[in-house]
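J.: These protein sequence lines are chains S, D, R and H, in that order.
If you're matching positions, the first sequence starts at 4 in the working numbering and goes up one per residue.
If you're matching positions, the second sequence starts at 4 in the working numbering and goes up one per residue.
If you're matching positions, the third sequence starts at 4 in the working numbering and goes up one per residue.
If you're matching positions, the fourth sequence starts at 4 in the working numbering and goes up one per residue.
Treat the hints loosely; a few may be bogus.
Because identical chains cannot be distinguished in the list, a pair is counted as satisfied if it fits within a single copy or across any two copies.
Unchecked claim - The calculated BS3-like cross-link candidates involving lysine-lysine, where the alpha carbons are at most 30 Å apart (straight line), are:
| # | residue 1 | residue 2 |
| --- | --- | --- |
| 1 | Lys20 | Lys54 |
| 2 | Lys138 | Lys20 |
| 3 | Lys20 | Lys116 |
| 4 | Lys54 | Lys73 |
| 5 | Lys54 | Lys143 |
| 6 | Lys258 | Lys62 |
| 7 | Lys229 | Lys116 |
| 8 | Lys143 | Lys116 |
| 9 | Lys116 | Lys138 |
| 10 | Lys62 | Lys73 |
| 11 | Lys258 | Lys116 |
| 12 | Lys229 | Lys62 |
| 13 | Lys62 | Lys116 |
| 14 | Lys138 | Lys11 |
| 15 | Lys258 | Lys11 |
| 16 | Lys54 | Lys175 |
| 17 | Lys20 | Lys229 |
| 18 | Lys258 | Lys175 |
| 19 | Lys229 | Lys175 |
| 20 | Lys138 | Lys229 |
| 21 | Lys258 | Lys54 |
| 22 | Lys116 | Lys73 |
| 23 | Lys54 | Lys116 |
The set of hints was computed from the structure by calculation and includes no laboratory data.
4 protein chains.
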Amino acid sequence: MTKRTQPKFTSEITVRKVQDMGGDHMVVAAARVSTSGEEAYSYADGTALTKDGLPWTPKDSVGLISYLVKQRHGTPFEHSAITFFVHAPIFVWREWHRHRIGFSYNEESGRYKQLDPTFYIPPMDRPMFKVDDWKPGRPKFLTINQLGDEIGWETAQNRYEQLCANLMLSYKTAYEMYEANLAMDFDPGLARDCLPVGIYSSCWVTCNPRSLMAFLSLRTHEPEAKAVSYPLYEIEVAARAVEQIFAEGWPITYKAFCENGRVAP
Amino acid sequence: MTKRTQPKFTSEITVRKVQDMGGDHMVVAAARVSTSGEEAYSYADGTALTKDGLPWTPKDSVGLISYLVKQRHGTPFEHSAITFFVHAPIFVWREWHRHRIGFSYNEESGRYKQLDPTFYIPPMDRPMFKVDDWKPGRPKFLTINQLGDEIGWETAQNRYEQLCANLMLSYKTAYEMYEANLAMDFDPGLARDCLPVGIYSSCWVTCNPRSLMAFLSLRTHEPEAKAVSYPLYEIEVAARAVEQIFAEGWPITYKAFCENGRVAP
Amino acid sequence: MTKRTQPKFTSEITVRKVQDMGGDHMVVAAARVSTSGEEAYSYADGTALTKDGLPWTPKDSVGLISYLVKQRHGTPFEHSAITFFVHAPIFVWREWHRHRIGFSYNEESGRYKQLDPTFYIPPMDRPMFKVDDWKPGRPKFLTINQLGDEIGWETAQNRYEQLCANLMLSYKTAYEMYEANLAMDFDPGLARDCLPVGIYSSCWVTCNPRSLMAFLSLRTHEPEAKAVSYPLYEIEVAARAVEQIFAEGWPITYKAFCENGRVAP
Amino acid sequence: MTKRTQPKFTSEITVRKVQDMGGDHMVVAAARVSTSGEEAYSYADGTALTKDGLPWTPKDSVGLISYLVKQRHGTPFEHSAITFFVHAPIFVWREWHRHRIGFSYNEESGRYKQLDPTFYIPPMDRPMFKVDDWKPGRPKFLTINQLGDEIGWETAQNRYEQLCANLMLSYKTAYEMYEANLAMDFDPGLARDCLPVGIYSSCWVTCNPRSLMAFLSLRTHEPEAKAVSYPLYEIEVAARAVEQIFAEGWPITYKAFCENGRVAP
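Build the full structure now, drawing on both the sequences and the hints.
T.: Structure follows, in structure tokens:
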């Protein structure tokens, strides 16, 4: 608990894939047991054949996977798993941890270690200025450039710089007080009460394609989704990183998810 | 989003019971269906009789409930429910929300409203100074009086006052910056990044006796429990309030829980 | 374990409401905490006022509840609960028990009691004859009358009677063998292996409006639903009874569910 | 739906491991993030070192894993996963499917295919005769040999043969009626109502070490367990197969589970 470092301000949110299990073939294997019983095992061990007697690959079952997503048959998407290691501000974890089902977490603890002085600052291109007719339920924001078109770029830029200055001042003060509290030998779980939700924390996240798609549907904004979500910018950054990793590992499932309005089955 | 008030510093964590359903009789009704089938309904509608032909009450089934807890037959404890309205600092929510199963939450949102400037300050009798042989896994702390016996009461008291001053300074700075950010029309979900985990938030919590006992077993410290937990002081304050409400509504279940080492069935 | 009775053949599936908690007002209370913090408590304790200063009732929040369903904000629907006592054949339980989240069960056990000889026979008006172009994924069936239009009513009627005779013969044989096995002092959990999935069993079911709507969306057939389901007839009978009880207790939520394509939020 | 085969009677219950992810190292990686933050990643990617600077292996963390199990810190055991393909009678699935949390299932469906005529017959060495002081809560049974010591081996053997004859007669009748119903073009989900719970079905099962240990603790009988369970013989057969596969993949976790009274963390 003695490590001290200079505050670090960053906009980066990192999502690393640690391990995974399954794939599109397991979706088919799981679904086919309904209609094929024991024969469904062949989709898992790679011995399945197409009707033409050729080696089966998940591409031969694009229609089935799409049907499962569309009809919201969700359970076949639970026989895969993936673990991420994520570095993100606490305000992102506050939202992410609300996903309870099909999600497992283990996070860095302010009770057990001194938290690193790494703090979140928004990137310049983050939409962040409230529009005139702003409503909480459908939050819409302008970037600096967009606001600049209205009130002048320099004024807009100044506001952004002021925001960053405000955050950094507050972050620094909080961390200084935190370290002062620790130095007086207070319970680390009390000393940290002044730390901001903008401080970073590391967390393991394990989920399955079904719970992952539910996460994506709520934490990404797609205008053409069947139920359009308006997530916080920063959790969407994490969700988009998750989405890309998912798309690589379960390409057919991912395509079906996108083509069916991004509704989780 | 225009309301402004003076910062308020408090140690109070409030748990209000909003509604409940069921009771000890439903534990018996649920368990008895295994052995009695349709007749088990009589335990729910109040028509059950004892072997002696007298009106049955849950007190007649103390042994059964104790047996269920001891043998970890957990499902009969899921046919009741209770809702709380809780006012607690965000660092308490960070822990509470990790209870995923049998727990439902809806919490105040910094994206949708200006958070009130209510901040947590520890009470003087909180154990909070690390003991010399302190270990993270089994955290143990001294109160001001206990530390005072070692280093003098006034020195101990000064440290506490310094902690409070540190926290309050940091809290105030954070809230000032937060309001400044809001005044510049920034996304409230960004403006708040400097707010501390010591700020208060309101949250609905609905659970059932089974999930509630799991919460109690991990978030209260009882030296004689079968698996002794070392919870954060503040979540234990909330858990003890929950415990009292639970004890009043499910007295026989609660007694069985305590007598069987506080292991959730 | 000595009770013996004559076999009973029935088509009845019963769903009794045992207890409930909450209502439409709790949906609003839960949702409003996001934007109102502590003031949301007033929706739960009945002190809330409308903008006009009149006593608030859930009818004043029809739009909000509809919005929550449409946008799939599901958590506000978890702060209510309801318990049913259901008498249904085992093949219904086989499907119902697959609903894992937000559902609690306690069922009669063949290991702990002699199961009653009550068996399921389909009612005459059940759609039950496969159509010519029948496909498993979209099962469609004709009633006796519909089939009778094609092949003659008497022939159709005869088939139905033959089905019932087949089922009853098999049921009787199974129960006789079951009783013979019990009479030889075999483990009841082994003696029952010949009992059919058409035998009845009693079960407690506790859920919340969110999990209940997920159940309804999958276990009822509505041609105009956004994702049309093709449930087994008998679980739909149970689901429709559940639906009616739900509609009475949460009328505004129920209406929103129906008007938004019966997609569970 | 036209395949017909001769009835097959068997005692075999098969559990095949299909895939897995993680291992003991992920338990340590997950737990260490509390105290080490980002450095915990090294336990997952194989770069961790011991205090002596040697390559770390899970054996170096036996004490930590044991501590986690003992103190019931359960979440670190959720960052692994395993999928089984299981062939077992429906009465086994009736119990297994009651494990809701951390378990995913996809099972063969009598609505979508003709079920194979494979039926369960107990092996000769199954404890199956009720003892004189038999009680449902603590079921205890004698094998043929044990009963034979009391009433003569031949008499005991005859009883077993009679049981098997009863089951087989009932199974055959049920399957004949089932096929007759199918031949009349009835809904397969209705035609099957006479099929016994002793018929076999295939099912995918995906779980994680935490949910798997909860399953083992309830579905295996170990006299020295902290909470002794009295599972049905046949689900214990499946559970023991699961246990062996688990022991091979997570040897240190498994050892900790056994040494701490087989209480799932």
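J.: Tell me the hint numbers this structure goes against, listed in increasing order.
T.: 2, 15, 16, 18, 19
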